[in-house]
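With the numbering used here as the guide, the letters of the sequence shown map in order to residues 85 to 254.
Calculated directly from the structure, the hints in this document are not laboratory data.
Nothing here was measured: the structure is a model prediction, and the numbers come from that model.
Incorrect hints may appear among the rest.
What the hints assert, rightly or not - Label-pair ranges, simulated between beta-carbon atoms:
1) S157 - K223: 20 to 28 Å
2) G188 - Y132: 31 to 39 Å
3) N138 - G101: 37 to 45 Å
4) D112 - I167: 17 to 25 Å
Said to hold, decoys possible - With a straight-line cut-off of 30 Å between C-alpha atoms, the simulated DSS-like cross-links for lysine-lysine are:
5) K180 - K93
6) K220 - K180
7) K180 - K223
8) K137 - K220
9) K220 - K93
10) K223 - K93
11) K137 - K223
We put the CB at the ideal spot given by N, CA and C, even for glycine.
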Amino acid sequence: MAIVVSDWKIEHVLTNGLTILLLDFGDDMADEVEMPVEQQSETTAALYARWGKNHPTGGAQRTLSWTRRVYHSSPAAARAYCIAHSGLMPYGRAGKIRQSIRDGAVFEYRDVSVISAATSAVRLIPHATLTAYTAKVGKTVPISGYEAPGLPFSWITTPFGEITEPFGSI
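Please build the complete structure, drawing on both the sequences and the hints.
Right, dumping it as C-alpha coordinates:
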(Lines of atoms letter the chains of each structure in order from A; the text may use other names.)
(Lines give C-alpha, C1' and ligand atoms only; values in the text may rest on other atoms or scores of the structure.)
Protein backbone atom coordinates (compact mmCIF):
# COMPACT_ATOMS: atom_id res chain seq x y z
CA MET A 85 0.00 0.00 0.00
CA ALA A 86 1.53 3.30 -1.12
CA ILE A 87 1.96 6.14 1.32
CA VAL A 88 1.64 9.78 0.31
CA VAL A 89 2.70 12.47 2.80
CA SER A 90 0.12 15.24 2.98
CA ASP A 91 0.94 18.74 1.75
CA TRP A 92 -2.66 19.69 2.65
CA LYS A 93 -4.48 20.84 5.75
CA ILE A 94 -8.26 20.39 5.77
CA GLU A 95 -10.36 21.82 8.59
CA HIS A 96 -14.13 21.75 9.08
CA VAL A 97 -15.14 25.05 10.70
CA LEU A 98 -18.60 24.74 12.24
CA THR A 99 -20.97 27.70 12.56
CA ASN A 100 -20.44 27.72 16.35
CA GLY A 101 -16.70 28.34 15.77
CA LEU A 102 -15.53 24.82 16.64
CA THR A 103 -12.82 23.65 14.22
CA ILE A 104 -12.34 19.95 13.49
CA LEU A 105 -8.97 19.01 11.95
CA LEU A 106 -9.63 16.36 9.27
CA LEU A 107 -6.16 16.30 7.66
CA ASP A 108 -2.89 17.96 8.63
CA PHE A 109 0.41 18.67 6.94
CA GLY A 110 2.65 15.61 7.20
CA ASP A 111 -0.19 13.11 7.76
CA ASP A 112 0.06 9.88 5.81
CA MET A 113 -2.50 9.37 3.05
CA ALA A 114 -3.28 6.60 0.56
CA ASP A 115 -3.47 9.05 -2.36
CA GLU A 116 -3.67 12.76 -3.19
CA VAL A 117 -6.81 14.81 -2.48
CA GLU A 118 -9.34 14.62 -5.33
CA MET A 119 -11.44 17.71 -6.14
CA PRO A 120 -13.70 17.27 -9.19
CA VAL A 121 -16.20 20.05 -9.96
CA GLU A 122 -19.63 19.29 -11.41
CA GLN A 123 -22.86 21.09 -12.17
CA GLN A 124 -26.47 20.07 -12.53
CA SER A 125 -27.76 19.29 -16.03
CA GLU A 126 -31.11 18.41 -17.54
CA THR A 127 -31.14 15.83 -20.31
CA THR A 128 -33.84 15.78 -22.97
CA ALA A 129 -34.37 13.60 -26.01
CA ALA A 130 -37.15 13.56 -28.57
CA LEU A 131 -38.91 10.26 -29.04
CA TYR A 132 -36.66 7.94 -31.11
CA ALA A 133 -33.97 10.62 -31.32
CA ARG A 134 -30.52 9.27 -32.04
CA TRP A 135 -28.88 11.71 -29.60
CA GLY A 136 -30.14 13.54 -26.53
CA LYS A 137 -29.35 17.10 -25.49
CA ASN A 138 -27.91 18.31 -22.22
CA HIS A 139 -28.89 21.66 -20.78
CA PRO A 140 -26.63 22.98 -18.01
CA THR A 141 -28.59 24.42 -15.10
CA GLY A 142 -25.64 25.75 -13.11
CA GLY A 143 -25.19 25.15 -9.43
CA ALA A 144 -21.53 24.07 -9.52
CA GLN A 145 -20.36 21.89 -6.65
CA ARG A 146 -17.03 20.38 -5.76
CA THR A 147 -16.58 16.96 -4.19
CA LEU A 148 -13.54 16.65 -1.94
CA SER A 149 -12.22 13.13 -1.32
CA TRP A 150 -9.16 12.25 0.73
CA THR A 151 -7.75 9.71 3.15
CA ARG A 152 -5.90 9.96 6.43
CA ARG A 153 -3.85 7.22 8.04
CA VAL A 154 -3.56 7.31 11.84
CA TYR A 155 -1.18 5.13 13.89
CA HIS A 156 -2.28 3.74 17.27
CA SER A 157 -0.59 2.13 20.28
CA SER A 158 -2.15 -1.30 19.72
CA PRO A 159 -4.41 -3.23 17.35
CA ALA A 160 -7.21 -2.95 19.94
CA ALA A 161 -6.83 0.87 20.02
CA ALA A 162 -6.97 0.95 16.22
CA ARG A 163 -10.20 -1.05 16.14
CA ALA A 164 -11.78 1.10 18.87
CA TYR A 165 -10.88 4.19 16.80
CA CYS A 166 -12.72 2.65 13.82
CA ILE A 167 -15.94 2.58 15.85
CA ALA A 168 -15.54 5.87 17.73
CA HIS A 169 -14.30 8.09 14.90
CA SER A 170 -17.35 7.85 12.68
CA GLY A 171 -19.54 8.74 15.68
CA LEU A 172 -17.56 11.95 16.19
CA MET A 173 -17.95 13.20 12.62
CA PRO A 174 -19.93 16.44 12.18
CA TYR A 175 -22.88 14.95 10.28
CA GLY A 176 -25.81 17.33 9.98
CA ARG A 177 -23.73 20.31 11.05
CA ALA A 178 -23.43 23.47 8.98
CA GLY A 179 -20.16 25.23 8.39
CA LYS A 180 -17.33 25.59 5.92
CA ILE A 181 -14.14 23.75 5.01
CA ARG A 182 -10.81 25.53 4.94
CA GLN A 183 -8.19 23.84 2.72
CA SER A 184 -4.58 24.98 2.96
CA ILE A 185 -1.71 24.03 0.67
CA ARG A 186 1.70 23.77 2.37
CA ASP A 187 3.62 26.97 1.56
CA GLY A 188 0.75 28.03 -0.72
CA ALA A 189 -2.80 29.24 -1.00
CA VAL A 190 -5.71 28.85 1.39
CA PHE A 191 -9.24 28.26 0.09
CA GLU A 192 -12.56 28.28 1.88
CA TYR A 193 -15.54 26.21 0.75
CA ARG A 194 -19.04 27.22 1.80
CA ASP A 195 -22.30 25.27 2.05
CA VAL A 196 -20.50 22.11 3.17
CA SER A 197 -21.78 18.61 3.89
CA VAL A 198 -19.37 15.94 5.12
CA ILE A 199 -21.18 13.02 3.53
CA SER A 200 -18.98 10.14 4.62
CA ALA A 201 -16.08 9.14 6.83
CA ALA A 202 -15.32 5.43 6.54
CA THR A 203 -12.64 4.18 8.92
CA SER A 204 -11.06 0.73 8.75
CA ALA A 205 -8.06 -1.04 10.22
CA VAL A 206 -5.11 -1.43 7.85
CA ARG A 207 -4.31 -5.14 7.50
CA LEU A 208 -0.62 -4.78 6.68
CA ILE A 209 0.00 -2.31 9.52
CA PRO A 210 -1.72 -3.74 12.62
CA HIS A 211 -1.68 -0.50 14.64
CA ALA A 212 -2.99 1.77 11.86
CA THR A 213 -6.36 2.94 10.58
CA LEU A 214 -7.28 4.57 7.30
CA THR A 215 -10.23 6.96 7.07
CA ALA A 216 -11.69 7.88 3.68
CA TYR A 217 -13.53 11.21 3.77
CA THR A 218 -15.96 12.69 1.24
CA ALA A 219 -17.45 16.18 1.42
CA LYS A 220 -19.73 18.09 -0.93
CA VAL A 221 -18.94 21.79 -1.00
CA GLY A 222 -20.46 24.82 -2.64
CA LYS A 223 -18.89 28.19 -3.34
CA THR A 224 -15.08 28.27 -3.42
CA VAL A 225 -13.40 31.43 -2.13
CA PRO A 226 -9.64 32.03 -2.19
CA ILE A 227 -8.55 33.35 1.21
CA SER A 228 -4.83 33.97 0.60
CA GLY A 229 -1.91 33.21 -1.64
CA TYR A 230 -3.93 32.47 -4.79
CA GLU A 231 -1.79 32.97 -7.90
CA ALA A 232 -2.62 31.83 -11.40
CA PRO A 233 -0.85 33.46 -14.36
CA GLY A 234 -3.33 35.30 -16.55
CA LEU A 235 -6.28 34.93 -14.14
CA PRO A 236 -7.33 37.66 -11.71
CA PHE A 237 -7.72 36.84 -8.01
CA SER A 238 -11.50 37.31 -8.24
CA TRP A 239 -11.89 34.94 -11.22
CA ILE A 240 -12.83 31.94 -9.10
CA THR A 241 -15.74 33.88 -7.54
CA THR A 242 -16.97 35.47 -10.79
CA PRO A 243 -20.07 33.99 -12.46
CA PHE A 244 -19.13 32.17 -15.66
CA GLY A 245 -21.41 34.36 -17.80
CA GLU A 246 -19.39 37.45 -16.84
CA ILE A 247 -16.12 35.82 -17.97
CA THR A 248 -17.17 34.44 -21.36
CA GLU A 249 -19.75 35.13 -23.99
CA PRO A 250 -22.94 33.17 -23.34
CA PHE A 251 -23.24 30.10 -25.55
CA GLY A 252 -26.00 30.13 -28.14
CA SER A 253 -27.82 27.26 -29.73
CA ILE A 254 -25.83 24.98 -32.00
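_For each hint given before, does the structure comply? Return the numbers of the non-compliant ones in rising order._
Hints 1, 2 contradicted; others consistent.
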